[in-house]
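Chains as they are written, first to last, in full-length UniProt numbering: chain C, 1 to 259; chain L, 1 to 259; chain Y, 1 to 259; chain D, 1 to 259.
It is worth saying that the hints were derived from the structure and are not from the lab.
Worth double-checking, as some hints may not be accurate.
One copy or any two copies: either way a pair holds, since identical chains are not told apart in the list.
Said to hold, decoys possible - List of simulated lysine to any residue pairs, SDA-like, C-alpha gap at most 20 Å:
{"#": "1", "residue 1": "50", "residue 2": "166"}
{"#": "2", "residue 1": "68", "residue 2": "84"}
{"#": "3", "residue 1": "68", "residue 2": "106"}
{"#": "4", "residue 1": "68", "residue 2": "85"}
{"#": "5", "residue 1": "250", "residue 2": "193"}
{"#": "6", "residue 1": "29", "residue 2": "131"}
{"#": "7", "residue 1": "114", "residue 2": "130"}
{"#": "8", "residue 1": "163", "residue 2": "16"}
{"#": "9", "residue 1": "183", "residue 2": "116"}
{"#": "10", "residue 1": "183", "residue 2": "251"}
4 protein chains.
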Amino acid sequence: MAIKKKEYESALDDLCLELVGMARWARAKGERIVVLFEGRDTAGKGGAIKAIHNCLDPRQCRVAALPKPSDEQQGQWYFQRYIQYLPTAGDITLFDRSWYNRAGVERVMGWASKEEVAAFFRAVPVFEKMLVDDGIRLFKYWLSCDQAHQEERFRERLDDPLKRWKLSSTDVAARSKYADYTKAREAIFAETHTGWAPWTMVDFNDQKRGRLTLIRDLLDRLPDTYVPPEPIDWPELGHEPLSEGFERLKPIPDFPISD
Amino acid sequence: MAIKKKEYESALDDLCLELVGMARWARAKGERIVVLFEGRDTAGKGGAIKAIHNCLDPRQCRVAALPKPSDEQQGQWYFQRYIQYLPTAGDITLFDRSWYNRAGVERVMGWASKEEVAAFFRAVPVFEKMLVDDGIRLFKYWLSCDQAHQEERFRERLDDPLKRWKLSSTDVAARSKYADYTKAREAIFAETHTGWAPWTMVDFNDQKRGRLTLIRDLLDRLPDTYVPPEPIDWPELGHEPLSEGFERLKPIPDFPISD
Amino acid sequence: MAIKKKEYESALDDLCLELVGMARWARAKGERIVVLFEGRDTAGKGGAIKAIHNCLDPRQCRVAALPKPSDEQQGQWYFQRYIQYLPTAGDITLFDRSWYNRAGVERVMGWASKEEVAAFFRAVPVFEKMLVDDGIRLFKYWLSCDQAHQEERFRERLDDPLKRWKLSSTDVAARSKYADYTKAREAIFAETHTGWAPWTMVDFNDQKRGRLTLIRDLLDRLPDTYVPPEPIDWPELGHEPLSEGFERLKPIPDFPISD
Amino acid sequence: MAIKKKEYESALDDLCLELVGMARWARAKGERIVVLFEGRDTAGKGGAIKAIHNCLDPRQCRVAALPKPSDEQQGQWYFQRYIQYLPTAGDITLFDRSWYNRAGVERVMGWASKEEVAAFFRAVPVFEKMLVDDGIRLFKYWLSCDQAHQEERFRERLDDPLKRWKLSSTDVAARSKYADYTKAREAIFAETHTGWAPWTMVDFNDQKRGRLTLIRDLLDRLPDTYVPPEPIDWPELGHEPLSEGFERLKPIPDFPISD
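Whole structure, please, built from the sequences with the hints as guidance.
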């Protein structure tokens, strides 16, 4: 049964508060946090990322959603363009899709050769171990979703003009490859579910519940160290609050809403 | 009177739809759109930006909220670090604060010298004209807000642990400089409210209404050219929708909510 | 008559010394220096740049030789990709070709439309004035060269395997456009030889002499302010100089030359 | 016995020719080549790099001489800022100092902690193996030089105004740490002289001979595959070569040399 909006919002507020505390801890200790979001189209990666990002200081928590590689990038070491988005001390990067593209969409769509995928699988555990050994806290989430829900969400994107831009021709192709994606995902788990960088699968058939589950899990796997906010001395204003005074320009008329 | 949540959401949905159409037009025609958001702390720049950004494809619409300049950047041409965020054809950049920092916060806080501010004022109209002459559509919004509201929002940030991170020691200093900011703003208007890059002031005492007003105005000042979405051929699936099959990893337990 | 190698080297050494002094001044005062090198293929831009660059600290003096623009860059403001190479305080940028490409090679080869060239000509004087007003010291050199010399140098590139890589198919096309380039150059001068950013033409029929002429002129147009090198306390070593001691690895055998 | 200038130049020309051929092969095959240059101050890294770089197309062969890290970079994964200079397909990067700074200068000067150096040594072989496994051709050269020569070169930098900028206060400190550097180098070899990324030591007591030795070795370790230059059709000009015609601007007077 789908979670109710009110319950969702109330639970999210609580988690948000914990995220804020976690972020304060990360900044105070110079922690670097990387969270990968993977899953089928429509699984809910963007929404989950937004739910976290909206709680935090955008100057601390960045979203990395890489466009398709330029010619120059295509000739580089595969991980090179992702690496530049790794966080500095105190920061958090949320990857909306990640280096796993190679073994996911690129493999399923036939854009990467068998050899490239094999090389990727050899490299990933080593690459991720380097990051983890360096002190980066790396979390990898896979958002799962049945095709019935995927179809429903595709349909919504097709029909709802607000969401139409989310739909691309790759999505059409993806529909007939549902099972291939499952297979690709299992191969990814087989090769890259390591002790130092394990995968966590979250059921996103109900996206709201999925977000709560994911954030709860993320928080549970980070130290729960309370760092008090920096105290701020906040004196009385000492005078009546001032009003805006307009000389050269005045505000334009308000958006009309019948009160 | 504050706008009601329901009315706000319904009106915002309508505007969102128009924004989506506008973005489709921008992409189709290779338009470049730049929107600056300026205003006091707590005025509501971040919220207004988020309202727009949430409607659009994050790969098309980017938010530029620059951190404080590095040593290297401090030695460069003042506009240099902003310029790299100007959009490419088809894209939109929303600046959360902008080059006007020099004549705003930097001036009021005494971080920029009188000469630097004067030089800035000489440069800005020329700089912006270059962008506009090059075809960039540049919009400059100033969000106004009385001190009573500012105080209330500061207080909220102080008290609400979810918002505490938004509060910095600069904010404390800002309180005693309310009138100085007004003066700085009027100087900015005097010097940079040009025919090719005019300012628009929007009353953000009610932030929700302010957002609607701003977005409505932005849309009204862009051509209302309908570009149909690319048609997508969407065949029947042709089989029962598949379910996720889990082998190596199963989803973790759902976030518990008493249904 | 061509300058003799010895005379060239001796004169260049003297100029080099002055360049070093100038660079010390630039660093001490936080000056920013930009030098553009334009001219036909084979005119000698690269050699002139190398002559200057070889005298100076490569961490202070950078060469900007931009590759052809990426798709993303093509959609941006034309000057955007050049701007990121402008120097920070204390630094020097030598542009091997520059934004004048638009009115030079792009125009002659038909890669830029008439309108684009016209827009470029409207923008350049304003753009350069902004940089100059900001304190950047901007120098623009045009290296001239008769076709007889150009042919000779092309022939050398064709025949000398060491120089063969300098020759491209664009060069072949350039030969039949010698007069068009002259015309393009005169248009550039007509539109962009301004009081704040004048052009200087240097005869590079004799490249060695041309380099000396150019560097002499550049130095003459910069203040001749002596800044003493930072004194360094240089005590006696206090012991016999040590020798390299090799344990794990020894040097490989020397390149064999019959002494 | 020091090599004679003429012999050096003639031998270098031959090697240059081979480098050009190698670079053509690299471009044709999409090879990526990385060469690290390490060694004491004054060993001759810069000169060796210049000798190679001067033979090649600067758009293909780049020098990476990184400035000291910014605050943001200091908080990042140690290798992150080096990685962005790794070459794309067909290109060559020459590193003037490299990630080995951590175990070299940083260790000797006490800027890196024991733990950091230990962590670096654990990471390097893995990191380099990743690059090599990805197909990057990685070469690591260590330039050795006795203290007598180092002292002589320091003295030259101190006395010769053309070279004075090469001397810094770090150099002064380095003199008393000659033996420490030797020790650091041996530790580097002990930990990072691997089968996939071995070190090569070259005697640079005679810098000219050292350069020849290094380049010869580099060439010997790359495949000697001949790729013919692209044929270029070079028709007769068909008319008398044209002369530059000057209208708006004339060349400035030549640099005066008594012929």
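Tell me, which hint numbers fail for this structure?
Of the numbered hints, all hold.
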